[in-house]
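Asker: Sequence:
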Amino acid sequence: MTARDVYLPVAAQPSVDTLVGMSQQAEDSGYDRVWLPETWGRDAVTTLTSIAEHTSAVGLGSSILNVYSRSPALLGQTAATLQEVSDGRFRAGVGPSGPIVIEGWHGREFESPLKYTRETVDIMKLVLSGETVDYDGDIFSLSGFRLRCEPPEPAPPVDAGGLGPKSVELAGRFADGWHALMLTADGLRDRLEDFEHGADLGDRDRADQRVTLSLTCCAMDDREQARELARQHVAFYIGGMGTFYRDALARQGYEDTAYEIAEQWGSGNKAAAVDAISDELLDSIAVAGTPEECRDRIAQFETIDGVDAINISFPRAAERDTIDATIDVLAP
1 MTARDVYLPV AAQPSVDTLV GMSQQAEDSG YDRVWLPETW GRDAVTTLTS IAEHTSAVGL
61 GSSILNVYSR SPALLGQTAA TLQEVSDGRF RAGVGPSGPI VIEGWHGREF ESPLKYTRET
121 VDIMKLVLSG ETVDYDGDIF SLSGFRLRCE PPEPAPPVDA GGLGPKSVEL AGRFADGWHA
181 LMLTADGLRD RLEDFEHGAD LGDRDRADQR VTLSLTCCAM DDREQARELA RQHVAFYIGG
241 MGTFYRDALA RQGYEDTAYE IAEQWGSGNK AAAVDAISDE LLDSIAVAGT PEECRDRIAQ
301 FETIDGVDAI NISFPRAAER DTIDATIDVL AP
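Each residue of the sequence shown is one higher than the last, beginning at 1 in full-length UniProt numbering.
To be clear, the hints were calculated from the coordinates, so they are not data collected in a lab. Hints are supplied without guarantee of correctness; some may be wrong.
[To be verified] Restricting the straight-line Cα-Cα distance to at most 27 Å, the calculated cross-link-like pairs of lysine-lysine (DSS-like) are: (1) K115 x K166; (2) K115 x K125; (3) K166 x K125.
[As the list claims (entries may be wrong)] Beta-carbon label-pair distances, calculated as ranges: (4) D205 x R295: 27 to 35 Å; (5) E302 x D279: 20 to 28 Å; (6) C149 x G41: 23 to 31 Å; (7) D136 x Q225: 49 to 57 Å.
Just so we're clear, the structure is a prediction, and the values are computed from it rather than from any experiment. No residue lacks a Cβ here, since even glycine has one placed at the ideal position from N, Cα and C.
Whole structure, please, built from the sequences with the hints as guidance.
Answerer: If you want it as C-alpha cells, here you go:
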C-alpha cells in the first residue's frame, strides 16, 4: 500500500510552532511521515528537533539538506542525533539543491553535484555505522575518527534527491531511497527505470529502498483559486529556480512550454509564465481543485508501480487554512 506523507510548507511560516502544529495535525490524521525542506528560512535541523519533541508516532525526515553547506561527517552526526531525539523516527534526505541557493546564499561553488551527493551518502552511512571512518574519495578524504557516542540502532535510512537520469541512477545505486518531484506519470516511470538500474548496479535490494513522489496539492471549494495557486507554484519553480526544473519538464515532452515559462518569468512577465501552464500540464504534475477532484487525482498517482509514498506538498502562496484543509482532505 502506498504511504502518504506531508511535505511541510517551503514558504516562510509565522513560527516554528506553526510547523509543529502542522506536524501534529499530520500525525493525528494518520500520515506516515512529515518532511521538512531547508532553503533560506529556518534551518531544518533545529525545527525537526522541535517537531520530534512534540510528536510521538509520525515519522520525520529532511527533504532535502544540501550537500554543500554542511560537511558529510556533520550530516552523519546530525542524522544520528535526530534519530536519537525522535526515538528512531528519522529518515535523512540529502541532495545538491541548485546553484541559485548554493552560490547565492551559501557562497559555495556549485561543482560536481553528483560526486558531492555520492560521497556525502557514502560518508553518512559510514558515520552512522559507528565504525572508524576511513574514506578516500575524489572530493573528501577522512580518517581516524568515529562517532563519539553510540551509533543509532537502527541507523536512519539516507535518501537522495534528483531530477535527471544520472542523479536518479546514483540514488538507486548508493542511497536508501529517492525523492522525486515535478514529474508526470510517464516522466516518473522513465526515472524509475533509472533508479532501478542504479539499484541493480549497486546490488541493492529494491524492497529495502523507498521512492517518495512529492505532489503540489491544493484542495479548496473554490476550484479556480486552488488551481491558480498551484499554477503560480509550478511557474515559480520552472521559471525562477534555475534550469533544473525547466530541463526536467522539457525531458517529459513539454520543452516549448518549459522554455516559454522560463523566458516569461525571466523577463518579469510572471502572469504570462503562469498562464503558459495548461490545464493538461497542471493535472499531470499537481493535484489541485475541489476536495473530491483531489482525492480522485491522488489515487491515480498512487497506482504507479514503484512509488512507495506520495508526499502532499502545498503551493508557496497557500494560507494556513488552505494547508490545513488539504491535509484533512487527503488524509490516508
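Asker: The structure should be examined with respect to each hint, and the outcome stated for every one.
Answerer: Going down the list of hints, with the structure as the test:
Straight-line distance between C-alpha atoms of K115 and K166 comes to about 11 Å, which keeps the hinted pair within the 27 Å bound. Of the supplied pair hints, the one linking K115 and K125 holds, its CA atoms being roughly 15 Å apart against a limit of 27 Å. With a C-alpha separation of about 21 Å, the suggested pair K166 and K125 falls inside the 27 Å cut-off, and the hint holds. Hint check: D205 to R295, Cβ distance near 33 Å, so the stated range 27 to 35 Å holds.
Restraint check, E302 to D279: a C-beta distance of roughly 21 Å satisfies the suggested window 20 to 28 Å. At about 29 Å, the CB distance of C149 to G41 agrees with the hint of 23 to 31 Å. Checked against the hint of 49 to 57 Å, the pair D136 and Q225 passes, with Cβ atoms roughly 55 Å apart.
The structure is consistent with each of the numbered hints, conforming to all of them.
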